[in-house]
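Starting from the structure of chain U, add chain Z where the hints point.
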Amino acid sequence: MVKRHVVGAHYGLRDWLVQRVTAVIMLVYTLGVVAFILCANGASYEAWQELFACTWVKVVTTISITALLWHAWVGVRDIWMDYIQHVGVRLTMHVLTLLWLIGSLIYMVKVVWGVA
Amino acid sequence: MTTQSVKFRVYRYDPDKDAKPYMQDISVEVDTTTERKLLDALVKLKVVDESLSFRRSCREGVCGSDAMNINGKNGLACITDIDTLKQPIEVRPLPGLPVIRDLIVDMTQFFKQYHSIKPYVINDSPAPDRERLQSQEDRKELDGLYECILCACCSTSCPSFWWNPDKFVGPAGLLAAYRFIADTRDEATSQRLDDLEDPYRLFRCHSIMNCVDVCPKELNPTKAIGKIKDLMVKRIS
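Top line first, the protein sequences correspond to chains U and Z. By our numbering, the letter at position 62 of the first sequence is numbered 64, and the numbering carries on one by one without gaps. By our numbering, the letter at position 148 of the second sequence is numbered 136, and the numbering carries on one by one without gaps.
In isolation and in its complexed conformation, chain U is listed as follows (with noise of 0.2 Å):
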């Protein structure tokens, strides 16, 4: 294969506006979250089960975590891109933390729509 440097794969900027976009989400959820604690006194396990049973709850905080692993998966990215070199290696790490993500996405659903 020739020797060339290739470089100009369109996506910095869309990459870039999701972690901004992300930040944000995740820094209204914290405020709701404090805000209830704040509200309910520290809040027992019956009000927790109580706020996390309402669907609205459930949408919001599946939004909020997609936000977080999607947040993750740019700066984790932003790492390996970093510091590691060898293109084999960093393509494994990407693929590694893909996987990663997507188990903690499959088993944020399963915990937060499991709530009764």
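Hint data in this document are derived by calculation from the structure and do not stem from the laboratory. Only a predicted model underlies this, so the values are computations on that prediction, with no experimental measurement involved. A couple of the hints might just be wrong.
[Said to hold, decoys possible] Chain Z side only, calculated, beta carbon under 8 Å to chain U, not exhaustive:
(1) Ser148
(2) Glu185
(3) Val221
(4) Lys222
Note that the Cβ used here is the ideal one computed from N, Cα and C, for glycine as well.
Relative to chain U, chain Z alone:
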């Protein structure tokens, strides 16, 4: 004449003679009435040990030749006061670039990145009789951009440039890129933005601002990079 002894720890490496680099402890007497800058002391040092190699030219902060790592921070030797430095003054070559000899580094990669952003006005419209004019406001946009002397202090203090010098343009190149994007006489804004919309060329910048911290001309590459990102967002929304 008042003399003062200045202590140095200088990075030495001659690939023809040395198996590996080493630090040399050496001191020199300087006349504090006329020799107040680090470059003055280095020139004196070269009289003591003529094998010491470094670049210098204008000796007034304009040419950018004598950029080096001074007590752990990149800067120009010719505009750095000896009095402001803790002794022994540790002088090393700019980090992240291959060392040719002593304080001289190979800047090929740095200039390759600079050339990659096409550092010239691109305008295919027929040229007017005399010159392409700008309004005073439009010209003001270029302040803080055109003053860069390409000394490489910023790019060689940037970890993203250390890790990916072949793919990340670096702060100096990106400052120059924005200088031409901001120029109203340039017609290639879209192509310039396309060229940078890549996970490496622009977006390896994580805004840690080492570049701003070391720039001897007090320029702000991070701000210019932010403006390029703003334009990209504006373009898609």
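Take the shortest C-beta to C-beta distance between lysine 222(Z) and chain U; is it under 8 Å? violated (11 Å)
Quick check on serine 148(Z) please, does its C-beta sit within 8 Å of some C-beta on chain U? At about 7 Å, which falls below the 8 Å cut-off, the nearest Cβ of chain U leaves the hint on serine 148(Z) intact, so it holds.
Going by Cβ atoms only, is glutamate 185(Z) closer than 8 Å to chain U? Nearest chain U Cβ about 5 Å off; hint holds.
Closest C-beta approach of valine 221(Z) to chain U relative to 8 Å, hint status: holds (7 Å)
The structure does not agree with numbered hint 4 stated previously, though it agrees with all others.
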